[in-house]
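Spelled out from the first residue to the last, the chains are:
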Amino acid sequence: MYNGGKIIIGLIIFLGFSTLPFLFTMGKAVAKPELSLDTPEIQRMVEKKCVESKEYMKTEHMVMLNEWRDAVVRDGTKLYKAKDGKIYDMSLQNTCMKCHSSKKKFCDQCHNYTAVKPYCWDCHIAPQEGT
Amino acid sequence: MGINRRDFLKIAGISTLAGIGGAAGLTLAKSGLLEASQYIDDPKGLKGKRWAIAIDISKFKTPEDYKRVMDVCHSIHNVPEIGNTKEEIKWIWTESYESTFASQEYANPYIKDNLKKKPFIVMCNHCDNPPCVRVCPTQATYKRKSDGIVMMDMHRCIGCRFCMAGCPYGARSFNWRDPRPFIKKSNPEFPMRMKGVVEKCTLCYERLAIGLKPACVEASSGGMIFGDLNDPNSDVRRVLSSHYSIRRKPELGTSPCVFYILGGQ
Amino acid sequence: MLETAFKGSRTYWAWILFLLTVIAIGLFFYLRQFTVGLGVTGMSRDVSWGFYISQFTFLVGIAASGVMVVLPYYLHNYKAFGKITILGEFLAIPAVIMCMLFIFVDLGQPLRVLNVILHPSINSVMFYDMIVLSGYLLLNILVGWTALSSERKGVAPPKWLKFFVILSIIWAPSIHTVTAFLYSGLPGKYFWMSALLAAQFLTSAFASGPALLILLALIVRKFTKFDPGKEAIQALSKIVTYFLLTSVFFLGLKLFTSFYSQIPSYAHSIVYLYAGLDGYNKLVPLMWISNILIVIALVLLVIPQLRKNEALLAIASVCVFIGLWIDKGFGLIVGGFVPNSFKQITEYWPTLPETSITLGVWAIGFLILTILYKVAVSVREEVGDIDFHH
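Residue numbers (the working numbering), protein chains in the order written: chain A, 317 to 447; chain B, 1441 to 1705; chain C, 45 to 434.
Chain A extracted, bound-state conformation (with noise of 0.2 Å):
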């Protein structure tokens, strides 16, 4: 190979650096995230049920939330009807967070688990953490 010593050591430092993050975690098990459901909100409940099924929220709470926002900001609608006929109010802020009111129990133990940074709160109030 034509200069080939210089292309070899090339290639490594490539190959180093583009594994990097992979060889700084290696080894390590990071902790899968437990949520936190157990707020005394939630445990006041006497039917302990978010808005949708839990399997729906789990994949589908970005998209929702999306949603709920374009439909309160844009379109003016304010109240949201779920699939069991139950009521709610779109709001992330006053609904959402009135049940899960530990962001950091709640929100961050997976967004950051997943390195998923949404700028939600940027704007939007969480609530106060309790303890």
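The set of hints was computed from the structure by calculation and includes no laboratory data.
Remember, it's a predicted structure, so these values are computed and weren't measured experimentally.
Using N, Cα and C, we set each Cβ at its ideal position, and we do this for glycine too.
Heads up, a few of these hints could be off.
Some chain B residues close to chain C (C-beta under 7 Å, calculated; not the full set) [said to hold, decoys possible]: (1) Gly1523; (2) Glu1527; (3) Ser1539; (4) Gln1579; (5) Lys1583; (6) Ile1598; (7) Gly1599; (8) Phe1602; (9) Ala1605; (10) Gly1610.
Straight-line Cα separation of at most 25 Å, BS3-like style, residue types lysine-lysine; simulated pairs [unchecked claim]: (11) C/Lys387 <-> B/Lys1526; (12) B/Lys1487 <-> A/Lys397; (13) C/Lys298 <-> B/Lys1689; (14) A/Lys397 <-> B/Lys1499; (15) A/Lys414 <-> B/Lys1557; (16) B/Lys1484 <-> A/Lys399; (17) A/Lys414 <-> B/Lys1625; (18) C/Lys387 <-> B/Lys1689; (19) B/Lys1689 <-> C/Lys127; (20) B/Lys1583 <-> C/Lys233; (21) B/Lys1507 <-> C/Lys387; (22) B/Lys1556 <-> A/Lys419; (23) C/Lys326 <-> B/Lys1526; (24) C/Lys51 <-> A/Lys322; (25) A/Lys402 <-> B/Lys1484; (26) C/Lys387 <-> B/Lys1556; (27) C/Lys387 <-> B/Lys1558; (28) A/Lys402 <-> B/Lys1487; (29) B/Lys1624 <-> A/Lys419; (30) A/Lys420 <-> B/Lys1526; (31) B/Lys1507 <-> B/Lys1556; (32) C/Lys387 <-> B/Lys1557; (33) B/Lys1526 <-> C/Lys233.
On the chain C side, residues computed to face chain B include the following (Cβ under 10 Å) [what the hints assert, rightly or not]: (34) Arg89; (35) Trp93; (36) Lys127; (37) Gly152; (38) Leu155; (39) His163; (40) Ser168.
Following the hints, position chains B and C against chain A.
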């Protein structure tokens, strides 16, 4: 190898397109999940086709009358107090007669002294033909079809400030830095804003939705009259038909929906 | 062809290194602006556009002015511009890129810039500006690069290129017209509210752009073996002269309408810029420097004997460029915001971070310009050699 570069590029191109198409299809299918649920209007919400405010300036007698109106708006909407005029953020404030009605001022410098010295309340005019909406490149500011409110979608604003150049009333403020440290006491029911977006009065859309009048109107003890211009029996139409009123810079064709009653009874 | 940009003299590398340093300083301050917000600039609630948007406006003109060499060469077969055309096209490319960068650094939420495409608003002039600018960029890259590659191979440019050349000629005025529409359609901004604005933009652009091109041609001739030709430079000087005259004439038209009508709103900004208003006069010295430079340039350009002297022509070109830069790259935008909607005055002056970021963007432009010109010149030197051996 039975594949040359040209063929490889073709296959790569087509599969990329297919991939994008597939992803788009998947997104569409996903959003269908919400279909069983639906958005409904709050029956409590105030219904109007073209909201407007008439300001009866004769009802504003003491500095306290003005302060009450401005303070309630700025506190419930988490409007920061930046503390310097260059970066100032305001939704509702006062200006002199001369500044408020710049064009009228050229016409008549001999107007009643008590008017000339009086502060006037200024805010977004919620124009029927809003230039800010016309110039916004992302529809982040838009006129609500249902009731004519000129709204701001802070999630979408890119901070180009075209709307600030377009607004002939100076109603818009830009977040030159993170506003949160400048909010002394925040209202947990309403969001704040982030740096780099434009904000202004949204005619208390969040209050109208639950059946309340705008906060300034409520705090004005009769100095500000709110209602639907399309309804001949509304408070605002009644007061406009019985009093002489003017608007700011009507010659620009923006059709402001904030009216000023100068004479009182 | 790009490989030719990696071989150069000491001076070449010193220049590149200098540009990279300026870019690095600009980037440093941009990161600060990115984290703190646009509060690091001198802009305010009242003067909500400043240095960045001014530079953008000025540079759209520079980009459009490439047409001043492309048009005579391709449509009128004006042979003298044969060598300089590529310099015109390659000037347009960094100019448009700088325009885009200046818009980008002016955004409060730069990461959301794609919203312009995701949620397009066909009422907004900004939407059309985005289309014409990116179109013009692509056209110039396509035309310039293809023409140069053909030249290097010693073959005639492909036939289809003619279509894109003509398209780019029609396209050029559109970019500056649309840019003028950003301002001239805003109710209540009386300084900009003029049907003449787009015409003023184009004439001042067709003076300042070719003036810059004259300077660049002289520099290229001094530092390389490539000579764009005396005739081409002289022809450019005539273009600068006529468009500068038209520009001054248009300014006169605007002054007449604004002051003879005596409608206060039309006069305020002009009075602020040239004489100061209510005791506020931060921009007055700058605007008069601009006026004096333009007068000097006019004297040097209008008298043919002076214009033919290349040293004097160089001075005249510098005067035109700086004079019009102050007028359009500073006064025009800031002046439109003074006084504000309440007839109150907030003055504007760029801050250190703002100036550094501005210089950084200019340095990026000059870096691209240098690389493109290096490629063009190397190809010319190479082709020249081949001809010699034949």
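These are the hints, each one checked on the structure:
Because the beta carbon of B/Gly1523 sits about 12 Å from the nearest beta carbon in chain C, more than 7 Å, this interface hint is broken. Taken as an interface hint, B/Glu1527 checks out: its beta carbon lies about 6 Å from the nearest beta carbon of chain C, inside 7 Å. Of the supplied interface hints, the one on B/Ser1539 holds, with its beta-carbon coming within about 4 Å of a beta-carbon of chain C, less than 7 Å. A cut of 7 Å between beta carbons decides the hint on B/Gln1579: the least distance to chain C is about 5 Å, and the hint holds.
Because the smallest distance between the Cβ of B/Lys1583 and any Cβ of chain C comes to about 11 Å, over 7 Å, the interface hint for this residue is violated. Interface restraint check: B/Ile1598 against chain C, minimum CB-CB distance 5 Å, threshold 7 Å, status holds. Interface hint at B/Gly1599: satisfied, since its Cβ lies 2 Å from the closest Cβ of chain C, which is below the 7 Å cut-off. Residue-level restraint check for B/Phe1602 holds (minimum Cβ-Cβ distance to chain C is 6 Å; threshold 7 Å).
This hint holds: B/Ala1605 has a C-beta 6 Å from the nearest C-beta of chain C, less than the 7 Å allowed. With 7 Å as the threshold, the beta carbon of B/Gly1610 comes within range of chain C, its nearest partner Cβ sitting at about 4 Å, so the hint holds. For the hint linking C/Lys387 to B/Lys1526, the alpha-carbon distance of about 15 Å falls within 25 Å, and the restraint holds. Straight-line distance between C-alpha atoms of B/Lys1487 and A/Lys397 comes to about 20 Å, which keeps the hinted pair within the 25 Å bound.
A distance of roughly 23 Å separates the Cα atoms of C/Lys298 and B/Lys1689; the hinted pair therefore holds under the 25 Å criterion. Proposed proximity of A/Lys397 and B/Lys1499 is contradicted: the alpha carbons are some 43 Å apart, above 25 Å. A threshold of 25 Å between alpha carbons decides the hint, and for A/Lys414 with B/Lys1557 the separation of about 48 Å lies outside it, so the pair is violated. Annotation: proposed proximity of B/Lys1484 to A/Lys399 holds, straight-line Cα distance about 22 Å (limit 25 Å).
Taking the CA atoms of A/Lys414 and B/Lys1625, the gap is about 19 Å. The hint holds against a cut of 25 Å. This hinted pair checks out: C/Lys387 and B/Lys1689 have alpha carbons roughly 13 Å apart, not beyond 25 Å. The suggested pairing of B/Lys1689 with C/Lys127 is violated, with an alpha-carbon distance near 55 Å, which exceeds 25 Å. Restraint check: the Cα-Cα separation between B/Lys1583 and C/Lys233 comes to about 22 Å, which is no more than 25 Å; the hinted pair holds.
Using a Cα cut-off of 25 Å, the hinted pair B/Lys1507 and C/Lys387 holds, with the two alpha carbons roughly 23 Å apart. For the proposed pair B/Lys1556 and A/Lys419, the alpha carbon gap of about 52 Å is over 25 Å, so the pair is violated. Distance hint between C/Lys326 and B/Lys1526 is fulfilled; the C-alpha atoms sit about 16 Å from each other, no more than 25 Å. Distance hint between C/Lys51 and A/Lys322 is fulfilled; the C-alpha atoms sit about 21 Å from each other, no more than 25 Å.
For a cut-off of 25 Å, the pair hint linking A/Lys402 to B/Lys1484 stands: about 17 Å separates their Cα positions. Between C/Lys387 and B/Lys1556 the CA atoms are separated by roughly 15 Å; this keeps the pair inside 25 Å, and the hint holds. Taking the CA atoms of C/Lys387 and B/Lys1558, the gap is near 17 Å; set against the 25 Å cutoff, the hint holds. Our distance criterion of 25 Å between C-alpha atoms is met by A/Lys402 and B/Lys1487, whose separation comes to about 24 Å.
This hinted pair checks out: B/Lys1624 and A/Lys419 have alpha carbons roughly 22 Å apart, not beyond 25 Å. Annotation: proposed proximity of A/Lys420 to B/Lys1526 is violated, straight-line Cα distance about 36 Å (limit 25 Å). For the proposed pair B/Lys1507 and B/Lys1556, the alpha carbon gap of about 19 Å is at most 25 Å, so the pair holds. This hinted pair checks out: C/Lys387 and B/Lys1557 have alpha carbons roughly 16 Å apart, not beyond 25 Å.
Straight-line distance between C-alpha atoms of B/Lys1526 and C/Lys233 comes to about 19 Å, which keeps the hinted pair within the 25 Å bound. The restraint placing C/Arg89 at the interface with chain B holds, with a minimum CB-CB distance near 6 Å, inside the 10 Å limit. Among the interface hints, the one on C/Trp93 holds; its C-beta lies about 6 Å from the nearest C-beta in chain B, closer than the 10 Å criterion. Taken as an interface hint, C/Lys127 does not check out: its beta carbon lies about 36 Å from the nearest beta carbon of chain B, beyond 10 Å.
With a cut of 10 Å, the hint placing C/Gly152 at the interface with chain B holds, because the nearest CB-to-CB distance is about 2 Å. With a cut of 10 Å, the hint placing C/Leu155 at the interface with chain B holds, because the nearest CB-to-CB distance is about 9 Å. Taking 10 Å as the C-beta cut-off, the interface hint given for C/His163 holds, the closest approach to chain B being about 5 Å. With a least beta-carbon distance of about 4 Å to chain B, the hint placing C/Ser168 at the interface is held under the 10 Å criterion.
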